[in-house]
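Asks: As given, the protein sequences belong to chains W and E, one line each in that order.
Whatever position you read off the first sequence (first residue = 1), add 55 for my numbering.
Whatever position you read off the second sequence (first residue = 1), add 55 for my numbering.
Certain hints may be false.
Dumping the calculated DSSO-like pairs for lysine-lysine here, alpha-carbon to alpha-carbon at most 27 Å [stated by the list, open to error]: (1) Lys168(W) - Lys302(E); (2) Lys302(W) - Lys306(E); (3) Lys168(E) - Lys318(W); (4) Lys146(W) - Lys377(W); (5) Lys318(W) - Lys146(E); (6) Lys168(W) - Lys283(W); (7) Lys333(W) - Lys318(W); (8) Lys165(W) - Lys165(E); (9) Lys322(E) - Lys302(E).
These aren't lab readings, by the way, just hints derived from the structure by calculation.
There are 2 protein chains.
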Amino acid sequence: MSLSERKKEILRAVVELYVKGAEPVGSRAVVEKLESSVSSATIRSEMADLESMGLLEQPHTSAGRIPSSNGYRIYVNELMQNQHISGDDAKVIDSELDGHLATPTNLLDKVGKLTSRLTTYPAYAMASATGIVCIARFDLIYVDYSTFIIVTLLSNDTVKNKLVHLTTSVEPPMLTKLSAVLNASFTGIPEERITPALIAATERAVGDTAGIVAIIAGFTIELLVEAKTVGTHISGAVNLLSHPEFKDVDKAQRIIRYLTDEKELAKLPSPNSPGELKITIGPENLANELRDSSVMAIKYDAGNDIQGLIGVVGPTRMDYSKVAAHLSYMAQGLSWLLGGLNSDLLQLNPSTKNTLGDEHFGEE
Amino acid sequence: MSLSERKKEILRAVVELYVKGAEPVGSRAVVEKLESSVSSATIRSEMADLESMGLLEQPHTSAGRIPSSNGYRIYVNELMQNQHISGDDAKVIDSELDGHLATPTNLLDKVGKLTSRLTTYPAYAMASATGIVCIARFDLIYVDYSTFIIVTLLSNDTVKNKLVHLTTSVEPPMLTKLSAVLNASFTGIPEERITPALIAATERAVGDTAGIVAIIAGFTIELLVEAKTVGTHISGAVNLLSHPEFKDVDKAQRIIRYLTDEKELAKLPSPNSPGELKITIGPENLANELRDSSVMAIKYDAGNDIQGLIGVVGPTRMDYSKVAAHLSYMAQGLSWLLGGLNSDLLQLNPSTKNTLGDEHFGEE
DNA sequence: CGTTAGCACTCTCGAGTGCCGAGTGCTAAT
DNA sequence: ATTAGCACTCGGCACTCGAGAGTGCTAACG
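All chains should be built: construct the whole structure from the sequences, respecting the hints.
Replies: What follows is the structure, encoded as structure tokens:
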């Protein structure tokens, strides 16, 4: 069932006019747009064909046509032409991303806000660890007789710490001994292997009766679990309200509520590999709430075994081409910034690599 | 211009009926509500008086009355009776707050979400440091020839760290020396006193030519500035949409955009002292966007020289009494949890006080 | 004098109606 | 295959009208 060239042109015209104007597109409008020499009657019969093929639909008998979700699908797969983002937008993105490299969490947030602002649709940004994270190194810092600090270096080059107040007292030699043992037995292993048995054995080895090892182990497990965790964040949900399909407050509310629920957000479509752009149109979405919305998402490599994701949610009448351009540009910029460039970064900014323990991907 | 008892009762009735029903209140409805033996005609003339006093208004000639902002003000100041929150809500709050003590950032977030959910209005939560924060202690941990970790304990009992990669190399003895000097000269002083002169002097004292001191100083300043920073967060903005005064999408959008802007949010009314509940009604708000909305906010003591704030934004037809009850309960719970109880906490949870370096008030 | 019943009046809201225009599908001619 | 012409459909808009809610005023009453 391949489409004639002319039908393709017409479908493209309908999609683009509808995306732009949010109103059913009539045959006249198509004629004008195509600047073709055929008359509106011809277009009408072509459009009737397209409708019977399930690519267009009529809201009511005497209205123009709008694309069906299949129509959008064809458009996205075959007809959409690569658009480049405007120079202005590129400048905005470059400068926003370039500013401070900031911290991963802030970056995630910033990327979401920026995408949302530029596309005028809500955007979500996530990051997730690939591969396993383990502890690379422990240090215990004695503060006073009942207080010490745990400092851990993770295998993905972030540092985490915790201040511990004890009800019992602890001496520096004990901490030294403890840290030696921890470095020997808790490092380099995944979270699942920090078992009660291991904890008990370690307690015996250092003669800990105050439960200090248990505290440290608990903290360690928490860290490692957290490091694997997926962080999700939505920005600019309010943007939905400016699109006519959401002029009905209840409808808007339902979908915004849906998008604000982190659990649901995590289930949104996600591309398989970095660089891939995934587009999910209307009923292709698993979630009922998104039955007449579309989702576009792209993955990027954020370095340190972390993959980032930026996505956009909008009505099916979304400007797929523009959003695709934005997402690609953004993902490319981020990969460049975070992924390939880790080592070079150190040269640009000769002394520090920002792995401030207090920010990390995976935090809400 | 004191009101007769009966006028007060009528004003109260009008406010409460209007809050409940969102429709102008007629004299009949007031009669029913008051179960008073006077007739609707009497109420009518009383209401006419109240209108001429500027406490009620009529949307149009033949409608009932709605409270004016002055009317709400009188209601809030004099007529509102202390309401207790429902047992169910109390249970929800208790259990949510009790769960894990979690981390300050998460707690802030959770408090906002919870308040928003229970009140059905958008809520904002902030925290700000009172008093000055300084560094209490430095530790430098040697990792390898070009890498070390800075660990700092702040005067407010939080720990921060940073992993530093150098392009030059560094030896453990140098780090030891450095940390001794830092502990001598950089601790106990506010951020303003970490001057270029101090940095230069320290560099000379330890013979640092690689700019290590400068890195550490930069990090320290960043930390201290950040520790003073006010963090703000809004939750449940979407809740606005369920109230009839925001059935107009544009209006809703304007105010949500306003509330989503952190700079604006920081300017929202704030009570002066912990425990105080501040109510700002309609035109009392400085911001134009809030001219027909009301804001209620309460402060609480979050311990460690930190003050927290929870606030709620809604239409002027807000359920002041219910929200007041919720905010008070919440603030009380939080003060109890974070403020007064710091030391007792250690007994409940005998060994740890959660000051995970990677979470802190003041982060967005 | 405060209160009240009665009444005329005002104004909103929703239902009902008719018209306009955009757009279609069909047919017959090219 | 394309096109002009035409009858037809249907949503949207303006308009009207009546119902209903609520008011203010007045005159009567205790």
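Asks: Evaluate each hint against the coordinates.
Replies: Quick rundown of the hints versus the structure:
1. Note on Lys168(W) and Lys302(E): the hinted pairing holds, with a Cα-Cα distance of about 25 Å set against a maximum of 27 Å.
2. At most 27 Å may separate the alpha-carbon atoms for a hinted pair to count; Lys302(W) and Lys306(E) meet this at roughly 12 Å.
3. Straight-line distance between C-alpha atoms of Lys168(E) and Lys318(W) comes to about 15 Å, which keeps the hinted pair within the 27 Å bound.
4. Restraint check for Lys146(W) and Lys377(W): the C-alpha separation of about 16 Å stays at or below 27 Å, so the hint holds.
5. For the hint linking Lys318(W) to Lys146(E), the alpha-carbon distance of about 24 Å falls within 27 Å, and the restraint holds.
6. Between Lys168(W) and Lys283(W), the direct Cα distance comes to roughly 24 Å. Compliance with the 27 Å bound is thereby established for this hinted pair.
7. Our distance criterion of 27 Å between C-alpha atoms is met by Lys333(W) and Lys318(W), whose separation comes to about 20 Å.
8. Taken as a hint, the Lys165(W) and Lys165(E) pair is honoured in the structure, with Cα atoms around 21 Å apart against an allowance of 27 Å.
9. About 26 Å separates the Cα atoms of Lys322(E) and Lys302(E), which keeps this hinted pair within 27 Å; it holds.
Hint compliance for this structure: every hint is met.
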